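**Q** One-letter residues, chain by chain:
There are 2 protein chains.
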Amino acid sequence: MNLLNEIYRTSLILLTDLYQLTMAYSLWKNKATQKEAVFHAYFRKTPFNSGYAISCGLSTIIDYLQNFRFEESDLAYLQELEGNDGSPLFESGFIDYLRTMEFDCDIDAIPEGTPVFPNQPLLRVKGPLLQCMILETAILNIINFQTLIATKAARIKEAAKDDLVLEFGLRRAQGIDGSISASKAAYIGGCDATSNVLAGKLFGIPVKGTHAHSWVMAHDNETEAFEAYAQAQPNNCTLLVDTYDTIEGVKHAIKIGLDLKQKGHRLAGIRLDSGDLAFLSIEARKLLDEAGLTDTTIVASNDLDEYLISSLKNEQDAAITVWGVGTRLATAHDQPALGGVYKLGCIRSSPTQEWLPKIKLSEQMIKVSIPGMQQVRRYTYDDGQYMADMIYNELQPLSKSSCIIDPNNAFRNKKISEETPYEDLLHPIFRNGKLVYQSPSIQESRERTKQELQKLHKGIKRLSNPHSYPVGLEENLHHLRVELIKVEGI
Amino acid sequence: MNLLNEIYRTSLILLTDLYQLTMAYSLWKNKATQKEAVFHAYFRKTPFNSGYAISCGLSTIIDYLQNFRFEESDLAYLQELEGNDGSPLFESGFIDYLRTMEFDCDIDAIPEGTPVFPNQPLLRVKGPLLQCMILETAILNIINFQTLIATKAARIKEAAKDDLVLEFGLRRAQGIDGSISASKAAYIGGCDATSNVLAGKLFGIPVKGTHAHSWVMAHDNETEAFEAYAQAQPNNCTLLVDTYDTIEGVKHAIKIGLDLKQKGHRLAGIRLDSGDLAFLSIEARKLLDEAGLTDTTIVASNDLDEYLISSLKNEQDAAITVWGVGTRLATAHDQPALGGVYKLGCIRSSPTQEWLPKIKLSEQMIKVSIPGMQQVRRYTYDDGQYMADMIYNELQPLSKSSCIIDPNNAFRNKKISEETPYEDLLHPIFRNGKLVYQSPSIQESRERTKQELQKLHKGIKRLSNPHSYPVGLEENLHHLRVELIKVEGI
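If you read the protein sequences in the order shown, they are chains A and B.
Under my numbering, the first sequence has 371 at position 371, and the numbering climbs by one with no breaks.
Plus 1000 on top of the position in the second sequence (first one is 1) and you've got my numbering.
Hint data in this document are derived by calculation from the structure and do not stem from the laboratory.
These figures come from a predicted structure and were not determined experimentally.
Ideal Cβ positions, reconstructed from N, Cα and C, are used throughout, including at glycine.
You may find that some hints are simply not true.
What the hints assert, rightly or not - Computed beta-carbon distance windows for the label pairs:
id, chain 1, residue 1, chain 2, residue 2, range
1, A, 351, B, 1427, 51 to 61 angstroms
2, A, 363, B, 1290, 22 to 32 angstroms
3, A, 231, B, 1044, 49 to 59 angstroms
4, B, 1245, A, 455, 38 to 48 angstroms
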């Protein structure tokens, strides 16, 4: 399925910062379109102080890149742009260059649903510098947001354990695609269903829902509203019980539940959307059980997140088994942006030249980039549990020591014995602009998240103050970086 | 221009919560499709503790509603959905009903670019309850996000005063439309330009940019990189000076600037993206001025928001006159969701019946809804400055007292003398499903924001602890609400 083609049938190649196009133009003017580069997209800090993040966004990026071409309306728009003296920003020769430009980069990426950590490339682009620039912004936009939400969802699912988590964020999400991409990423991260029907249609995510307060208000009283709903949908009946008085609402719902039972159906659930969720759920459970409605579940919603769910389950013994999570998931409310960056690793003046490694310095060590053409090797224990990740440079031989060095602190390093099993995480996605990767289904990506998270030590999955997973530079890459810092620092 | 048609050529009618459709189905099953309702979309608290918000999103909502119909693929998807016993969620008769359903609501709304306040309807929907339900979620999604961002932008522009503000948020925005809608709303709120080229193309927003660190890294040294850029774009040359050493970077840029000057061009600006922006900008200004480059501006970026800009300008005397604002604007980082709601005001069982006012109770007074079919009247002083807003019910006569009563505290009220000039804010947008409103251009909406904000007392525009603008209920509406609280509370 090609989502972007389906949702956005306009070309998305202009979904980029203007400076990418002015830099591309400057390359063209300087006759440097042969220049090639390797860029890596990565983040420096996990969101939410989480011990891990969940990679997400690749399938959307694939759709975007498969439509990476300028349409005539794009070119006409670019031709209208003016510089500060009123002359055209771009010469028509450049417009012609863009018209016939064909995407021919190599892209390697970590599959969706993989636990990932700071400093490691989630995606690597190798190809004409001019193209590497134009596609930077859209790739960051997609990967930053979807990785952020998949991570949030994984944390919420971790807190909810075996309970169902429903994503209800559409009405507060950041725009139309903010909601659709959030539903997708939340599902990959571990949510069980969404309320967003369009996301259900586009991705095959299960859709779930109850009813609104307005349903009750639109009837003469609560019982009448419940009856009307149950009669219409005996096979999908979860009643919202807090429009007026919650405990009274539960009692009204129980009447309906007994009635449904008699007719061979069942009251699937009741929903609490306000008040003291622990107290009310415990009381409601008692009333439901006493009435024999033991298979009616209790759904809760109302500004939930991983911390509140964990507290309700572990400290307050709430009788809730289905969690409707909206705003705080779909907007990643406590940290609404992942600061992923896209940095140059090496460059060459033409495809026949040698690669030259490159570094970006900063007064903050965390902002000093990593040079080279990077790959990530994940070492595992014999039982499959993750041990450590090594970032290495494909342009250098590997050191025999098998020692990895913390990129932010050279004093911290870790030896890895030679026979340790491993897997390289970056997979070939495009070669010379042609797709060579078979995208897994969204269900497979979701399953991957679940399986892979089981290989992560539980200390790393802790919601607060998690243990930090070791990610280091291969020794020769470390030395290369130190060397470049010296050279550029002079 | 029809944005949604252009960006999203798939039908968006399924951009709704499943429960809207199951409620619609229940109405149909209960033969209650004749029921009519009035709903109001409003927020209870301004975002960012701001003294005001800026309404935004209406033009997108108009596009959405002009395409409010089920396509065959939507219906096929709905027909596949199953209830918890595996039977179809929707009978085929309902699918047929949806197939021929025609949008025929009346919509009234406050134009984009208007300062708005808690509790007042930004948009009112009147029509078949079934349709009012289906369109709720998309309307909230659009209005919540765009109003949030327009408000953030207005605050940032307020802090920046006459300086230029450029929106650079695309790479960190929440999804593709999260960025496009953010660019649009930021422009309406007061930003001067965006880096997002697609938003520029779609909306005619001016596009601006400089160049990236990677441009410098991709050359042998900074001077060479600057020369290459300036040579290619003498009419659009703003140089990023902090890739290695900022002050050295400024000196390299000055060389280029002098060269451009000699050739009859000019160095438009330099950009600082890290470090102590106050110190560096003051030093850079000195160096530029000493070199005679007095018309080269200093652009700053790096996690800016209204507070930082205000501090840099007012407390630190930074020599910055162009502000590039990204993540914190495009995601409304300190409060990434506006909690706008959509509540039932009145109902009738068919178009020929009397309207019945409705209320939603809550233990928190702020969450008790306002009944009726509401309109907002804005009173002004003789010089045009805003005085107070009155929410009144079009189904009740107005009291002669002209007294407005705070909806959250009946002790607070304000008399308004009879001859006070006023304007009603909700304008007719759709009548019986037909568009009757001529949308202003985005430039006109941006100008409206600017003009209208000048009518707001500066205490209300203060960034922190603003003065609160009086919004009250008309006296008869207040009495109706008190009456309904008594009745429903029993």
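**Q** Against this structure, judge whether each hint is valid.
**A** Comparing the hints with the structure gives:
{"no.": "1", "hint": "A:351 - B:1427: 51 to 61 angstroms", "in the structure": "60 angstroms, holds"}
{"no.": "2", "hint": "A:363 - B:1290: 22 to 32 angstroms", "in the structure": "26 angstroms, holds"}
{"no.": "3", "hint": "A:231 - B:1044: 49 to 59 angstroms", "in the structure": "34 angstroms, violated"}
{"no.": "4", "hint": "B:1245 - A:455: 38 to 48 angstroms", "in the structure": "44 angstroms, holds"}
In the structure shown, a violation is registered for the earlier hint numbered 3 alone.
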